[in-house]
Amino acid sequence: MEASNLSSSSKGKTMKTIKIDSYEIKTSRNNLKVPVVNNVHLHSVYNPAKEAQAIVSSYDEKLQSNKHVLVFGLGFAYHVYEICRKLESYHGNDYQVVIIEPNEEVYRDCVANHLFPNKNIKVFSGEDLDVVYSDITLAKFLITKPVMISHPPSFNLYADFFKSFLNYEASLKIKDIGMNLTNRDLKSYLYTDLNSESLESFIQDNVLTKPRLTNNLDHLLLAYTHLSNGEF
Amino acid sequence: MKELLIINLKRNGDIFASGHIIRSFIAKYPEIKITLLVLKEFERAALNLKGLCEICTIDRKKILTYKKNKIFSDGFALEEFQKDISHVTNKTWDAVYNLSNDRVSTHLTSLLKNKSSKHIGIRFNDTCNIEYSSEWAIVMNDILTSVNYAPVTFTDTYLNMANLKPASDSFVLKTKEEYNKSSAANFSEIRKLEANGNDVKLIGIQLTASTDYKSLSRDQLISLIDSLYMSPNFFPILLAAPTEIERNLVSAINSEFNNSLVSVEADFLALNSVLMNLDLLITPDTAVKHLADLTNTPTIELSLGESPLFKQGSLNSDSFIITPLVSNRVFSKKVVEKDIALQSQNMLISTDDIVALTKHILLAQDISSHDFHPGVSVYSVQNDDLGTRYELAFGSVDQNAETERLMSRQLLLKKFTGSEDLNIYNVLTLDGTASLENWLSETKTSITEVSKGLLGTLRSLLQIDGSKNKTSLFLKNLTELLSECEIDSQFMAIPLLRFRARIEALNTSDLLESAREMEALIYELKADIQVQVDIVKTTSDYVRKSKDSQRTRFSKENHNDI
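Chains as they are written, first to last, in this note's numbering: chain F, 1 to 232; chain G, 1001 to 1562.
I should point out that these hints are in silico values taken from the structure, not numbers from a laboratory.
Values in this document were obtained by computation on a predicted structure and should not be read as measured data.
Hints may contain errors.
To spell it out: a stretch of chain F is covered by chain G in this simulated footprint if at least three of its residues, at any positions, have a beta carbon under 8 Å from a beta carbon of chain G; those stretches are [to be verified]:
1. 45-52
2. 163-171
3. 178-188
4. 201-213
Only pairs whose alpha carbons sit at most 27 Å apart, straight line, appear in this in silico BS3-like list of lysine-lysine [said to hold, decoys possible]:
5. Lys-1192(G) / Lys-145(F)
6. Lys-1083(G) / Lys-62(F)
7. Lys-62(F) / Lys-1070(G)
C-beta atoms are modelled at their ideal positions from N, C-alpha and C, and glycine is treated no differently.
Please put together the full structure from these sequences, using the hints given.
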């Protein structure tokens, strides 16, 4: 998978809750770049690579048994490089890493400084959570139950953002549900009642209370309802 | 028929059982292309069946993950479902067979109304009333789901729904040549090694079922294996699925025999080859039992817990079913799961009984003098014009339950084929007539009561003229008549269940408009009751004959004594 940058210009507004007062790039003693955000060094100023190895080593067993990894915080990706190295040794090229990095500038500089490993990685950066979670590739990735690894300095720095990420609840509204549908007929049908607060209420108000099931999609919605409620 | 879609959203065993239907379709329509729609989690079972053009799946687990997790939009779940079913909704079909007969499959069958020339089974119409494809669809949907002792098996009902004949000669399971060869070679080697001048029979023992209470306990298993192992004619082979739990169980049991037992760890595909090379299978597991039916492997089925004995029992005529007395069983999972006494019924199954039955099947030994454990019944698999008929072969009997079951079957036989199975009357009068006389007396009373209700309903229907009073009177009479569906006797309930199904399928928004249809249905019910009257009459004749011959016998004996 190619690395992809979901830039704020193309995909909705940047996360407003992240307040960046200062940002600079320093060089570690072993001559590696280190981003410093709000005076927080995101990597060791002595040896970022060695620090990354220490972070990742505690996940060794999990990385052997799971080829999907969700990383909270990119920084300049020294830990991501280490994760990919381990995954490659256990699973060859058959692995997938998704990174959530709220600070788009850090991500951009990581790529610009040629520090981004660029292998089987997808980065979500600078996006509003609604946009991030509406991406089906992220949803498909999350249902694989990935190993979750946080990059401690990034996680602490953007604690509120990551807390929001972990506690996110998707909108139940019919207009938002419709956004995730590719079938035009189904989408159009749901949009006939844009005020519905949820799919359940749409079905209740527009299917179950009708004297006749005039739209063939009614059966699709009822089959879906019974299936997803375990009513066989 | 060229393009057929079969929807079966049930579990592994039921998917295997659909093999009977698939091979019958292929036998009748050699050019047919069959697509099977199953839940993704049971795709493995579908992949085991031959003759399918395509297998489509609904990934229920994925849909539920999207649906239940609050981080995901419900749109993902709906999108996934829509995409999954688009493989079948984007095509046109000559027929859609709603085989699993559940709410999801019925809505899918309804969704495909405009894409299919016909449906088999049930689907919903615009007002969500059921559209039955045939009388057999009523049997499937309304009768077999309501009666305690199914008078006809699911498989025969499915075949009849599609107007098919059994095609037992065609082999519908996939096998791998290498598995066939290795099973044959290994089992032949065992036969040679264990022979010692005897003809050694290889008996596969499936160790587990879906729940513990449907299986034999570990001690029971060890006792059974030991008895078979010590017999010069038998050699037990432990069958296990390739899972850690079963592997551990095999290992634990084998350690009791100094690791001298032979076990086979096989997935479904390999299991087909294993079953074909066994002389007998002993199994509490319904999925394996269904495979054994399709490989024609004689089976001793241990029917426990809520396993639907008469709906989905073994079909092979060489097989037998051991069960706790049927009137002591409850065929509802919800009930059994909460009732320790029902769950403990597996303790009634004794090693001696299984071994005796094994000798009967494999060595043709007469076991009429064997005393089966009290409260245990053994059924053999017979055939008549409706298909498989289970007949009590050994053990305990609840005469009333047997009468109800067999008379219900007689009723369906007469209704659907116009013929009777006289053997049913003979079987029921074999061990005396007291119970049957009692049943006759109660049934005659019930027939009178239902007939009165029917005539009252008919009379009030004919008097409907739009006035409120007359309409209310009719509805009251109809409600009372329909309440008879709850009657204890399933023989009595069957025509009423059929009547209720037909009434409920009517569009009754305008009573006056549907009065004529209702009248026709009441007359159909009357005709069904007449069939019951005929059966009661014939039964009475048999009872009389039986008593006459008894009297003649006694009188002869007395005469000889004098």
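Structure-based check of each hint:
For a cut-off of 8 Å, the count of residues in the stretch 45-52 of chain F with a CB near a CB of chain G stands at 0, and the three-residue condition is violated. Counting residues of the stretch 163-171 of chain F whose CB lies closer than 8 Å to any CB of chain G gives 4, so the stated coverage by that chain holds, three being the minimum. Against chain G, the stretch 178-188 of chain F contributes 7 residues with a C-beta closer than 8 Å to a partner C-beta. That satisfies the three-residue criterion, and the hint holds. Counting residues of the stretch 201-213 of chain F whose C-beta lies closer than 8 Å to any C-beta of chain G gives 3; at least three are required, and the coverage claim holds.
Restraint check: the Cα-Cα separation between Lys-1192(G) and Lys-145(F) comes to about 51 Å, which exceeds 27 Å; the hinted pair is violated. About 33 Å separates the Cα atoms of Lys-1083(G) and Lys-62(F), which puts this hinted pair outside 27 Å; it is violated. The hinted pair formed by Lys-62(F) and Lys-1070(G) meets the criterion: a straight-line CA distance of about 25 Å does not exceed 27 Å.
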